[in-house]
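The lines below spell out each chain.
2 protein chains.
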Amino acid sequence: MIRNIKLTIEYDGTNFQGWQIQKNDSRTVQGSIENALKTIFKKNIKLYGSGRTDSGVHALGQVANFKISTSMSTDEITKALNGNIPKDIAILKTEDVSKDFHAQYSAKIKTYRYTILCRKNRCAQQRNYCLHYPGKLNIRSMKEEAKSLLGKKNFKSFQASDPAKKAKNLKDNTVRTISDINIKRKADLLIIEITANGFLYKMVRNIVGTLLEVGRGKLEKGCICNILAKKDRNCAAFTAKAHGLSLISVKY
Amino acid sequence: MIRNIKLTIEYDGTNFQGWQIQKNDSRTVQGSIENALKTIFKKNIKLYGSGRTDSGVHALGQVANFKISTSMSTDEITKALNGNIPKDIAILKTEDVSKDFHAQYSAKIKTYRYTILCRKNRCAQQRNYCLHYPGKLNIRSMKEEAKSLLGKKNFKSFQASDPAKKAKNLKDNTVRTISDINIKRKADLLIIEITANGFLYKMVRNIVGTLLEVGRGKLEKGCICNILAKKDRNCAAFTAKAHGLSLISVKY
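In the order they appear, the protein sequences are chains W and A. Heads up, the first sequence is in our numbering, so the first residue is 142 and it goes up one at a time. Heads up, the second sequence is in our numbering, so the first residue is 142 and it goes up one at a time.
Just so you know, these hints were derived from the structure itself, not from any lab. All values reported here derive from a predicted model rather than from experimental measurement. Please note: incorrect hints may appear among the correct ones.
Since the list gives no way to pick out one identical chain from another, each pair is judged satisfied if it fits inside one copy or across any two copies.
[Unchecked claim] Below 27 Å or equal to it, Euclidean Cα-Cα: the simulated DSSO-like pairs (lysine-lysine) are:
id	residue 1	residue 2
1	Lys277	Lys220
2	Lys228	Lys294
3	Lys220	Lys359
4	Lys179	Lys288
5	Lys228	Lys382
6	Lys261	Lys392
7	Lys362	Lys208
8	Lys288	Lys220
9	Lys277	Lys372
10	Lys297	Lys234
11	Lys220	Lys234
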């Protein structure tokens, strides 16, 4: 019997060229796990992720699935995978799911977290997991402005042009629904968590870059409504660096 | 005028051969900071740490001092150092202190933290900062047994033989005072914090190894009193791995 196996995966994206296998020999998370699957099951197995993450982006709860006929228990699969993947990836959970489950197409809600170290001096231990921002930020105005992102909107202004899709000449539907934005201070850290039914290419990093400009006072009250209305990537601010971003969870 | 400068230093010990400069060309924290001092002040400057940390051990609040005649402000020194040291070290604070301050000899109290990930599956992001322990631990008995370590005691049983001191044929005073041991569970993590007026070579890691054996039920109630009484390293358990250990603070 063919089983459909769902994996919940943590990774440190620092030394990966992102999630998705590439034509060159780049070190990718998908590639590393598929290699381990091949070692364990002695055949090529395709792994379907909930979505790509870019080079340097981390995950605490990426989800992927693959099909296999095996008598191994889910615990045994977890153990075998963790023994065969590199140390910067960890399989947190392995589950049997129904045969129509697809990590990407069945996904209903995703949450990303962006972490900013807000203090004068940089850190050492968490340097690959947060953006160091030494200046002052008006967090109240960031929270206030972020409210304009909530709900079902056209986020075209926050979408980076995606070389893969450009090549295929695909036109995206750029409407998404952000159900929650939580901006909280925790000691020296400013944590921005965004939950939506889906995200456009680099959407979280473009939103964070824009919120940082709001916090610095470089963008005024009402700017996010204006940027959304323009439907033009050039109206939003810079793309915040990859290493502050982490995919926290995918819900089905 | 010669100034005495105190540094508070964070580092990720993963890729260092410990704090102390060695005769070979090992990458050390002290060596990396002394190199930066030489670049900034154009001369050799000796840096005095509060104590050595071993290869792989981290610090959130190591303290060191050096003497210099300069008109730079403490903020300028912090900035110049952070610009010239590797990314896995960060200078958190720079202060002028009295001329008789010595990071090692003036130290009154140190706190070390040992972090254990207590769950079946390993992690990826914090893999260099915690020991993965997949089995069950009786935390109540660890806490109970740890009480026997509190106070002024001879910790000879928890001291590893130190090759540096052995070479010099030094005999240590092995009496220390542990003023606090705090064992707490925080989600999947078990955190053991030990505060003392000083620590013998590998003392924290030997204590943690012994407490783990208590938690596993391999050592019985009263074992720590017995081990202390024997004054023999062979009576205590294994040395817990370096990467779970972090020097949290040094007080003066």
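Status of each hint after checking the structure:
Taking the closest pair of Cα atoms, lysine 277 and lysine 220 come within 27 Å of each other only across two copies (17 Å); inside a single copy the shortest separation is 46 Å, beyond that limit. Within a single copy, lysine 228 and lysine 294 get their C-alpha atoms no closer than 39 Å, and across copies no closer than 40 Å, so neither meets the 27 Å cut-off. With identical chains, the CA atoms of lysine 220 and lysine 359 are at most 27 Å apart between copies only, with a shortest distance of 25 Å across copies and 50 Å within one. Neither within a single protomer nor between protomers do lysine 179 and lysine 288 lie at most 27 Å apart by alpha-carbon distance, with minima of 46 Å and 50 Å respectively.
Taking CA atoms no more than 27 Å apart as the test, lysine 228 paired with lysine 382 passes in both settings, with 24 Å inside one copy and 16 Å between copies. In the homo-oligomer, the alpha carbons of lysine 261 and lysine 392 lie at most 27 Å apart only across protomers (23 Å), although the nearest pairing inside one protomer, at 37 Å, exceeds that limit. For a Cα distance limit of 27 Å, the shortest separation of lysine 362 from lysine 208 qualifies neither inside one copy, at 50 Å, nor across copies, at 50 Å. With identical chains, the CA atoms of lysine 288 and lysine 220 are never at most 27 Å apart, being 43 Å at best within one copy and 36 Å at best between copies.
Taking identical chains as interchangeable, the C-alpha atoms of lysine 277 and lysine 372 are never at most 27 Å apart, the minima being 29 Å within one chain and 54 Å between chains. When the C-alpha separation of lysine 297 and lysine 234 is checked against a cutoff of 27 Å, the pair qualifies neither within a copy, at 35 Å, nor between copies, at 43 Å. Taking the shortest Cα distances, lysine 220 and lysine 234 sit within 27 Å of each other inside one copy (10 Å), while across copies they are farther apart (43 Å).
In this structure, the hints that do not hold are numbers 2, 4, 7, 8, 9 and 10, in rising order.
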